[in-house]
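J.: Listed below, chain by chain, are the residues.
4 protein chains.
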Amino acid sequence: MLIVMKQGATPEQIANVVATIDEMGYRAAPMPGKQRTSVGLVGNDGRVEASRLEGLAGVAEVIHVSKPYKQVSREWKPEPTQVPLPDGSTVGGRDVVVMAGPCSVESEEQILTAAHQVKAAGATVLRAGAFKPRSSPYAFQGLGIRGLELLALARAETGLMIVTEAMDPHGLELVAESADLIQIGARNMQNYSLLKECGQVGKPIVLKRGLAATIPELLLSAEYILAAGNPNVILCERGVRSFDTTTRNLFDIAAISVVHGLSHLPILADPSHATGHRDMVPPMARAAIAAGADGLLVEMHPNPERAMSDGAQSLFPDQLERMMREITAIAEVIGRSVVTPTGATT
Amino acid sequence: MLIVMKQGATPEQIANVVATIDEMGYRAAPMPGKQRTSVGLVGNDGRVEASRLEGLAGVAEVIHVSKPYKQVSREWKPEPTQVPLPDGSTVGGRDVVVMAGPCSVESEEQILTAAHQVKAAGATVLRAGAFKPRSSPYAFQGLGIRGLELLALARAETGLMIVTEAMDPHGLELVAESADLIQIGARNMQNYSLLKECGQVGKPIVLKRGLAATIPELLLSAEYILAAGNPNVILCERGVRSFDTTTRNLFDIAAISVVHGLSHLPILADPSHATGHRDMVPPMARAAIAAGADGLLVEMHPNPERAMSDGAQSLFPDQLERMMREITAIAEVIGRSVVTPTGATT
Amino acid sequence: MLIVMKQGATPEQIANVVATIDEMGYRAAPMPGKQRTSVGLVGNDGRVEASRLEGLAGVAEVIHVSKPYKQVSREWKPEPTQVPLPDGSTVGGRDVVVMAGPCSVESEEQILTAAHQVKAAGATVLRAGAFKPRSSPYAFQGLGIRGLELLALARAETGLMIVTEAMDPHGLELVAESADLIQIGARNMQNYSLLKECGQVGKPIVLKRGLAATIPELLLSAEYILAAGNPNVILCERGVRSFDTTTRNLFDIAAISVVHGLSHLPILADPSHATGHRDMVPPMARAAIAAGADGLLVEMHPNPERAMSDGAQSLFPDQLERMMREITAIAEVIGRSVVTPTGATT
Amino acid sequence: MLIVMKQGATPEQIANVVATIDEMGYRAAPMPGKQRTSVGLVGNDGRVEASRLEGLAGVAEVIHVSKPYKQVSREWKPEPTQVPLPDGSTVGGRDVVVMAGPCSVESEEQILTAAHQVKAAGATVLRAGAFKPRSSPYAFQGLGIRGLELLALARAETGLMIVTEAMDPHGLELVAESADLIQIGARNMQNYSLLKECGQVGKPIVLKRGLAATIPELLLSAEYILAAGNPNVILCERGVRSFDTTTRNLFDIAAISVVHGLSHLPILADPSHATGHRDMVPPMARAAIAAGADGLLVEMHPNPERAMSDGAQSLFPDQLERMMREITAIAEVIGRSVVTPTGATT
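Chains as they are written, first to last, in the working numbering: chain A, 277 to 622; chain B, 277 to 622; chain C, 277 to 622; chain D, 277 to 622.
Careful: at least some of the hints might be erroneous.
Just so you know, same-sequence chains aren't split out, so a pair can sit in one copy or run between any two.
Unchecked claim - Think about it this way: if two alpha-carbon atoms lie no more than 16 Å apart in a straight line, the pair counts; the simulated EDC-like pairs of lysine to aspartate or glutamate are:
hint: 1; residue 1: Lys282; residue 2: Glu425
hint: 2; residue 1: Lys479; residue 2: Glu453
hint: 3; residue 1: Lys479; residue 2: Glu449
hint: 4; residue 1: Lys310; residue 2: Glu425
hint: 5; residue 1: Lys282; residue 2: Asp555
hint: 6; residue 1: Lys472; residue 2: Glu581
hint: 7; residue 1: Lys395; residue 2: Glu453
hint: 8; residue 1: Lys353; residue 2: Glu288
hint: 9; residue 1: Lys310; residue 2: Glu351
hint: 10; residue 1: Lys310; residue 2: Glu384
To be clear, the hints were calculated from the coordinates, so they are not data collected in a lab.
Computed from a prediction, not measured in an experiment: that's the story for all the values here.
The shape of chain A in the complex, shown without the other chains:
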């Protein structure tokens, strides 16, 4: 940490910064410069309360040199984390894992049809919400426990793995019992009580990036889960808020490269929420795989025109099939391999 003093800072002010750092239990290293003095804080263990130094008289700025996260950092663990899935494939290695399905579980017929179509297209994980976070209290909120039962049925019928969202501690318990992967939604990325409980469960967590979360904040939220005991975290870029509302969100595809640089955790892309428009999903899915994403989370509905939520961004079944063929070819160009329902690639 570097404490930059104002140009006219007095020797007393500098001495006070040094004394405060001492008192906090770290070592101060003053560095007089051409225009101003800076004071280095040496020995930062990631727990320094910078705000205390920022407000001292004569201080212009406090600059963070160490990263606030630890266990999720690639400097902490250089080799990529490979999250193992029940079918023997992994997220974070050579495999590319595709999770597809409708926004919500709507009925037995709908979810079984969807599951068969997802499997036929070549994806290995079925996604669908039983508990739905909706901006409006009057919108469809999901089938709840009945939705989880139908997902279990779809797994039994097709052999697909299941990923679905948990919104609160009680829901987490239920989802952890019946799903293969647990999704934490964008709106709950900084619901720290929930994140701590995710550290206690034995299933992989798909942690979606918050609507306006920076990558370091996403990594800090993952750190909560790792620090609480669960190393199997899969991040997911799903678009961020921007000034341009032509698309539902702004797909921050570079997040894939940034995460791969800073962290050993794998990262998926969700081109459906990132764009909000069905026709943009296939090109953005291709782009994500070309950029090195470890997998995809995409919405497909047997009949998007009758979907109870997110119909506009749900693929038609035949669009999913074409998309799978294209990304399979692109993955090969960069030495990756899309996992198919017959088992993990090797």
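Mind docking chains B, C and D on chain A? Use the hints.
T.: This is chains B, C and D only, laid out in the frame that chain A set:
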């Protein structure tokens, strides 16, 4: 709702939109225009799933005419909501209510000293966190239940009212027992499970705007609380995320006017989190009152240089006193009146 | 255009809106709804001054149904514009055109070396700035006319085509004489005086998206050029401003799909400015091609560690070669073809 | 400047950074830390090309300690700049200067009526555009030279000073001849060719903040003007782009405090463009003055419902009068004084 067709939309595509609207139980009103046809959806009760229409062939855009929120809307209830506080003052009328105090409860001595200073400066509500949401799992997370006990002690000693944050259902129960107002933090603005429980408690809720929440989204989150039974919601603008990181957040002061236009709910300003810099708090507090805010939420610490969190944005006690004098004069210019500890103004 | 009235709007206010629309020369179509009345403005020719209606008493909102741009719209001209280049290739058809080179022309040796490396890697256009817009008045501002002469020399030596930036009317004249394509930088996207002059020159214009420009604004700026007489406009996505400063800008890759949906104009991607980090350029270049970009604008420097500007985002020559191989394979997956120096593909 | 190395950086990589700094003509000060080594660059004169260092192997990040601007900095000149106006008042001292008038000059009758109303309300500067930058090439672009003539006539009739916008070098010459202050619009904030020419004219420049410009970038644009010879620059906050489109822009009121902290230059607020809604202008004007703005730039039209541009954000004449009374009272609370047409306050 208006469904705008593409320029080359076929009669069949238009007929399909009309049929879908019929099937959804609303009335379709096609309007041929110079360049393109639009189809009005008449009878929207706020539950229309727009996404289903957006994805239909030939549709260029779906435009929302009705607002998605209801009970919080000024069209629903024209006169301003006045949330009653235990001292007889109200938030949302002529009164301007100031809530001040440290970021966190740190110790008995610290919180009692702060409470006396807050009272001396002329504010009526003591703010301080017992449960702290922190980006890093390694940062100070608050004193928890012991913090709530110390806040109760501060109230007993000074007569100040207490506002403090709840982060999850269990914490909400505890806070609801001991505080006068319950704060829901920015990161939990879309924690719908928590919002629903806020509807069950009998105390006023201070709902802070999410980091990148639009005003309509803030209103929808308030709608969750009203719909669940609690009409006493006080909104709070605390700065939003922006591309300019010179300040901690971007203080969206116009939100005060926007909320007053769209809703009957009162709105506070939190200039401390909005700027992150102690020296900007007094000018921004003055600005908020001049703009018509119904109150303030500000951080003050007996000794900001030793604060365990948010020291840089905490006022010194004498800064709070000067700020109170200035906003009292400004409130008078626009016909408002700052409430003092001796009781509500009349 | 749809004028949405407030819920309690009086018949007089509605009549006033109708009268104003009449006075403006259009037809008004009032539509009473369940909750409120809307008034359609029929006959919008794109010149309606919406602001006049927004401010009328009783008006809640004015909603734009028509797009403000015309000639650039895909509805105006459904088939894609193919901008012809001197080597016989086109931007906007099956060809994928790569423009590469250093940020600035620095010296004869540097630009000639760069040109030979660009050609060896398989790109067909050399990019380099002679006139440089720099945030600081004290930073290197380019070699000016001498830079243009060196670019002409590089073309003579290698046969590469040249693209370089013009910043003002005088510079535009000079650049138009010596370059094959003229670049208008992001900071000048709304320099309307300059755009109008671009309409007068006979060379293709590469129009970069402004730092915080929406796609409709980018299209309107292109419309200025088309309206002034030059149909050969190539758009370029180069990242937009965001709250996350981990990357230099936020690469809005979905802009490629959005532009292809709304307009017939071709669009390039500039992954160098979009990310600011050399190591992110190849994955983002692959992603752009996978998403359907019509070409790339990338920075490469013979010796990035000694570059006078943008060194951190400039590829090493061997990185460019590898990138060209990867994007060539990806282009084939989606039926496109990267143009090489030996001539246009067919 | 601080070059932060990656955790596993090798001694060779560190040595290379040191050597590069030496070669660039500065002194390198390596600082081994607990987790990583940093290298200080000592002697930074503001011309260091950071990008060259960012890209070196083993470098994690380059941190800027010095500010890139100089002459505009408060560290360079601690006392506030007071820009003198022809009527004897100054912008940047105790005086608060109000500039009001219509968006565009539309006709002799309109501008003369507006000028008399502005004077009657108590403002001293008439604003109105002769050259209008419009997003669409088909929108009204201003009366041009005829507009300047009408502004001169309004000055002759009322004694008000005139501020109007210049969009290009030729327009700048014309405006400099006839106006008292020259406005550079938001879209041209980084039109460096134009800024350099502003340095040559002898009139004060009102430099509006770009739509997505950070404060440091705004200051760097002002630096262009000062560096070219004109010290009389008045900054203007007019709202920035944000994800929330409820208001036209997001009024960054804290920019007033930030600029006053970093620079000696004065700053105005433009609540009309900042919000886009007439009814929000008075509360935001009050807020700006309460926050310490050195003046206001507001739109008022004799008949906003017939304005040719920006009608929805133009005040009615009586709204301007009331606003002037309110801000006069608020200015007094903080020891400032609104200048009236009878002459500067003292």
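J.: Kindly indicate which numbered hints from before are broken by the structure, ordering the numbers from low to high.
T.: 1, 4, 6, 7, 8, 10
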